[in-house]
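With chain A fixed as given, assemble chains B, C and D onto it according to the hints.
Take a look at the letters that make up each chain.
Protein chains: 4
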Amino acid sequence: MEEVIQLRRDLHQYPEVGFTEFRTASKVVEILQSLGFEVIYGKDALDADSRRGVPTEEELDTAYRRAIKDGANTDILKEMEGGLTAVIGTLKGSKPGPTIAFRFDMDALPVPETSEHNHFPKANDFRSEYEGNMHACAHDAHTSIGLDFAKKMADRDFSGTLKLIFQPAEEGGRGAYSVVEKGMVDDVDKIYCFHLGLDVPLGEISGGSQGWLATTKLLSQFYGVPSHSGASPEKGKNALVGAASALLNIHSLPRHSSEQTRVNVGLLEGGTALNIVPHYAKLLIETRSTSSSVNAELEDRVKKIIHHCAEMHGLGFETEVIGSGVTFSCDEELINVVKEEAEQIEAFHNIKDYNKGGGSEDASFLINRVKENGGKGTYMLVGTTIPAPHHNQAFDIDEKVLVPTVALLKRIAIRELNSN
Amino acid sequence: MEEVIQLRRDLHQYPEVGFTEFRTASKVVEILQSLGFEVIYGKDALDADSRRGVPTEEELDTAYRRAIKDGANTDILKEMEGGLTAVIGTLKGSKPGPTIAFRFDMDALPVPETSEHNHFPKANDFRSEYEGNMHACAHDAHTSIGLDFAKKMADRDFSGTLKLIFQPAEEGGRGAYSVVEKGMVDDVDKIYCFHLGLDVPLGEISGGSQGWLATTKLLSQFYGVPSHSGASPEKGKNALVGAASALLNIHSLPRHSSEQTRVNVGLLEGGTALNIVPHYAKLLIETRSTSSSVNAELEDRVKKIIHHCAEMHGLGFETEVIGSGVTFSCDEELINVVKEEAEQIEAFHNIKDYNKGGGSEDASFLINRVKENGGKGTYMLVGTTIPAPHHNQAFDIDEKVLVPTVALLKRIAIRELNSN
Amino acid sequence: MEEVIQLRRDLHQYPEVGFTEFRTASKVVEILQSLGFEVIYGKDALDADSRRGVPTEEELDTAYRRAIKDGANTDILKEMEGGLTAVIGTLKGSKPGPTIAFRFDMDALPVPETSEHNHFPKANDFRSEYEGNMHACAHDAHTSIGLDFAKKMADRDFSGTLKLIFQPAEEGGRGAYSVVEKGMVDDVDKIYCFHLGLDVPLGEISGGSQGWLATTKLLSQFYGVPSHSGASPEKGKNALVGAASALLNIHSLPRHSSEQTRVNVGLLEGGTALNIVPHYAKLLIETRSTSSSVNAELEDRVKKIIHHCAEMHGLGFETEVIGSGVTFSCDEELINVVKEEAEQIEAFHNIKDYNKGGGSEDASFLINRVKENGGKGTYMLVGTTIPAPHHNQAFDIDEKVLVPTVALLKRIAIRELNSN
Amino acid sequence: MEEVIQLRRDLHQYPEVGFTEFRTASKVVEILQSLGFEVIYGKDALDADSRRGVPTEEELDTAYRRAIKDGANTDILKEMEGGLTAVIGTLKGSKPGPTIAFRFDMDALPVPETSEHNHFPKANDFRSEYEGNMHACAHDAHTSIGLDFAKKMADRDFSGTLKLIFQPAEEGGRGAYSVVEKGMVDDVDKIYCFHLGLDVPLGEISGGSQGWLATTKLLSQFYGVPSHSGASPEKGKNALVGAASALLNIHSLPRHSSEQTRVNVGLLEGGTALNIVPHYAKLLIETRSTSSSVNAELEDRVKKIIHHCAEMHGLGFETEVIGSGVTFSCDEELINVVKEEAEQIEAFHNIKDYNKGGGSEDASFLINRVKENGGKGTYMLVGTTIPAPHHNQAFDIDEKVLVPTVALLKRIAIRELNSN
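Protein chains in written order, with my numbering: chain A, 4 to 423; chain B, 4 to 423; chain C, 4 to 423; chain D, 4 to 423.
In isolation and in its complexed conformation, chain A is listed as follows (with noise of 0.2 angstroms):
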């Protein structure tokens, strides 16, 4: 078996969510530096204070134990604490030259995958070993063609520098900022990402992408008043019923004539037991739009429902920002370069200047980053046979994208480095 498969099926068998990749992002670590990369991770890699959505403590430190467990580097690991989970590899080639980036995201989803025969990582033995997460959306094939493209370039024969960005917490739009604000692409002057699966069919692949989202992020808290339910109802405040009625109304937000919208109450959680009332609960929400200026006023009405729906039932209440992503646009230069390559590729047959994205990119902020510093970007959609929706608990890929993918990555690198 190839061995951009065999560690892809490693890593399915480890999904690890936002901030706690901690086996993960060892594992990059020990295979980059393996490599002779210069690997800079833990609070080098990315601003601590800029993360947003981090777990809670104990969270992290489940997660940690379990990374030793199943047989992580302690020395890594240790810089890791706390959630600080980015890798940066870098290599410099033979002769001076440009600095290339690429993209590779890490972080798994807390989706429960299915148990089902058919299921092929199920068939194949390599289900999740973590109960109630998941790689649903594809970053354990990211990541594992990230470390094989590292493999097939680690001879150095090229010009310039090429640096790859392993980053976490992609879902929710958590992590990339805090990579941006260490300034870990500030000496970039081209960045190439890429996503596998969203709906194109295996075969065919697109330079650019379009219409991704805007989108904020939300935590809302309501705090009311405990009370015994039998023996005193009114004298408690009851959170969960200002809760239910934000969320039913915040999905009743109007829809947009001219724009793409989304809401999301992806989480609510609140009250204790049966015979208390609810004191407190807590939502996490999403909107999204193509347009940034929608999406913000979207943002408003969200704030606006959880205030209101706290003062209703004198509830107090805070919502916080806990993730965004922004819109971006793909050079043409770049989206030409992934077309020229591809066609190098016979597994390539459908190739295309853009697909359509449909959701929101992380990536957004490393790419603006490098623009707005005078860089280029790009993010490509690369297809693939997926027999059931991203997120869902019976995602899968057709892992004969894998080999292909490495390859052009390859050529785009040697190509884009030899270019001055």
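A few of these clues could be false.
Note that the list lumps identical chains together, so a pair holds whenever it fits in one copy or between two copies.
Here are the simulated lysine-lysine pairs, DSBU-like style, with alpha carbons at most 30 angstroms apart [what the hints assert, rightly or not]:
| hint | residue 1 | residue 2 |
| --- | --- | --- |
| 1 | K95 | K238 |
| 2 | K306 | K238 |
| 3 | K154 | K355 |
| 4 | K238 | K307 |
Derived by calculation from the structure, the hints in this document are not laboratory data.
Same frame as chain A, now just chains B, C and D:
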């Protein structure tokens, strides 16, 4: 400091919720055994399958390990594994006579205890060690009264048999039924149960109580389909929209013109992440009424709401009864015994036949079983000053009530045991 | 057929809702005048500005024209224009003495009457002529009793003054206050009020009643912005989303542990057309409680819900009190009079001090004003068989109650008037 | 003042909603007859049973009487009784040739017109005479354009047949289908439809349009049980709690990732009085989508929500389709005709192939039928300045668009009629 107070403060620091009373119950076993009681516990003291609302294996494990860490006797603990936390202590007097039982409940609540400096347990350094859990319903005091009472009876200077029932999981009406089903009160002639507080002022006591509510406790679960909330919102089936609608409709059930009713959705949890359409949600729900048949109607209506809130969004669903309580009445004979004995104790200066119960009581199962067998029962309310309602994070009792209550139980026991 | 029955059936056919009792009230005027009563009506019988919940001009007009069509006396009608539909009849006895008042309510309800063949009024051809309106609360019977009673007293063979108050708009607690404010009971020494039915069986009567609920009636309005729901949904401000949220949250207000409470959104109307974002909505809401202060708290909470459900969607709003009822108590002296006189009438075989009222009563304003002036009052409940609850489309009474009730009122009146 | 402007202002003052266009339609008949058109109207111009969302008899009556009062020709009116308000005018040219149709819609909306002084119709004294109704979608202008165009064609100086379709009830997609089913366009070779405004600026015109939404219009009714809200709330079945839940759940239906969607509950009415548990409620609901199949899914989901919101509270229910619209496409040949003719008119300085429609169009039925028979159709958008969105109470048009639009229609007609 009086021993009963010391004991209460110790128990207060280690609050254990229903079926996880590992440290508490093992302590009860040790003390009763040391006093010469014959002690039944673990699978012999309750019918495991008749328990309702048993915590998850993970929750049981965490609590079990915590109890070990806090010094619980591991030999005793082993018998309680999986949440078999009832303890029955029997002491035969020097001469034959009737069997008289007393009931004490041991479980705490999932309420976070306040850190306010004027909260007595905080000011006196016995605030909960287990963040998120609290003795907010005086069961710590009930258990310590039971143990101090046991000590006062240890000389066996009475006729007949004294039976002390330390039951788990009174909250939610989940434990007593399993004790009853194991036959633990089948030989009992009279049973005395009691509660501190419940808005009865310090110095007041009632020999009986009225107004207890029949209740049903339900766990409802919704099963949807996850999907990427940005890329394919229409492919998800949103379990939280169904659950939030159910919550509001349950609370909107009509009041009743001639009976007291209650409804409470005490907990709602659903969804996993910001950017995933929530595919799962669960609710803990209770209904109550002064009438068993009105409570049964409410239970039916709640089930109907769950059913249709699920189907309206194409969700799967399940509703399970995880606890209940029935109505019961107190026997006049026993009420009079309480009144006459209370009159002999200076601390009780306001002595009544009845006070209002206000909630539901798991003791209903014990009392009703004793009465079905031709025996008698009552449920006393013993007043004490409470700075905040039951189940509130600032709940507390005035410890002055503890010593007189032990004295009262002893007077009742001696009189009843020697009454033949 | 007894005249009182004929009269009741006539009134039943022409049900007129609060402040539109044009035909009914003009008939009352005619009959009382023909019997020699001094009759006050129109603007002299009530304070127009103190009325609450007055129908729209259009509704008043429609009802007025309908009354003319149905043969009402237009000279009398003219004085009642705009809904001035109270009638006060005074008859001085042959000798001086106290002033004794009786209250009768005349208004019907906006309930469509059933067409089932076994519905007594349908089977006997006196079903409502006004589709959508119905005497579903026995006020047709109350008024006919009042008129038959007037006839029996017309010989003036008594001391003192008999005062008959035929009030409009009892439903919703909207009419009595305006009669009180006009001073209509300022000279009254004792007032007797009554209701038929209310779950009291035929043959039973109580001299007084308890459990009447304090109540507040509210009209809330939401003001949004219309927009084309297809072409620009985001430009509208949706008044119905706010109103529907308010409705569910009002019904979700917590029950009370020691007082009876009620909440009802009796009417919700909003929006104009399928393809327009609804820019307006109104709600009619009531709160009730056995405690005036708990009712006041509910009123506050309802207002808060309206406020925040509006602001959460950027809507304007307004809430106005359009009716109310207060708690009151019955005087023992009068209860005893009723009981002693009822004993003399064969039809009453079960005679009690009190029965439970269950709703709210506009008579509370009349009784409380008489008592404030040093007088006395009571509110009797007179049993009759009802095939369906009050306010239900199949409501009816057993007419056998009518004649004995008239006889009872006469006995009470004669005794009280001659009591000095 | 130009006649077309005078006519528009007259129609603007007498806005008549769908199937009550009595005054408007009878005026159209009179004018067309006076110009020599053969005019079909009443039961001959539409299939009465194929109409959807017909107003109640009472509403039809009120509107009919109003039209008489406002001077409508009663002979013509009589043929339109019951809402048969379509008018088809046919004019044969001097020589044989093709049949070319133009469509004009006549109905107004239930929107109250603003009284702001800067509202042009208010400032110029032609604000709506019918409070609550308004021409807020430019159909007054469409009809006046149609009539002025008829006058310009009255000399019959063309080959073939000109067919003018003045349709009722375009709003809600309720009228065109009944005209189609009567066969009114079965002989048509080409059909031209148009709309003013829709965010197209003055001076701009498009020969075709895109983005029209398939739509379904639904009337849902809930049947509960009334009861006295104070005395027996538990005996009622509350239709409004079901309806409010349905409203929030309908608005909470998920957005779609690849198609435009809309949902709107345009009207909700339920309950009768403050103190009665609401026993009835009705909703007017619409769904829309750029995809007919996605619209069909939304329709299914709405029906499911209604079904289960009813059953969850034991309510009866009914859902009925009362209108619809389908997707359609415009023929390039006709688009080109429009463009070439528009170029000859100075007022149109920005001429496009397509603009975005944004709503749904009843004309879809007319165009699709013509195309099914082998003919061709298009739907032009003619820009004009609008101070507020369509369906808003401050909507208006810039009348400068009227004369050039008439000129354009004439140019198109002459060219097409003489094209053989």
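A quick look at each hint next to the structure:
no. : hint          : result
1   : K95 <-> K238  : neither (68 angstroms within a copy, 45 angstroms between copies)
2   : K306 <-> K238 : both (27 angstroms within a copy, 19 angstroms between copies)
3   : K154 <-> K355 : within (28 angstroms within a copy, 55 angstroms between copies)
4   : K238 <-> K307 : both (26 angstroms within a copy, 17 angstroms between copies)
Comparing the model with each earlier hint shows a violation of hint 1 alone; every other hint is respected.
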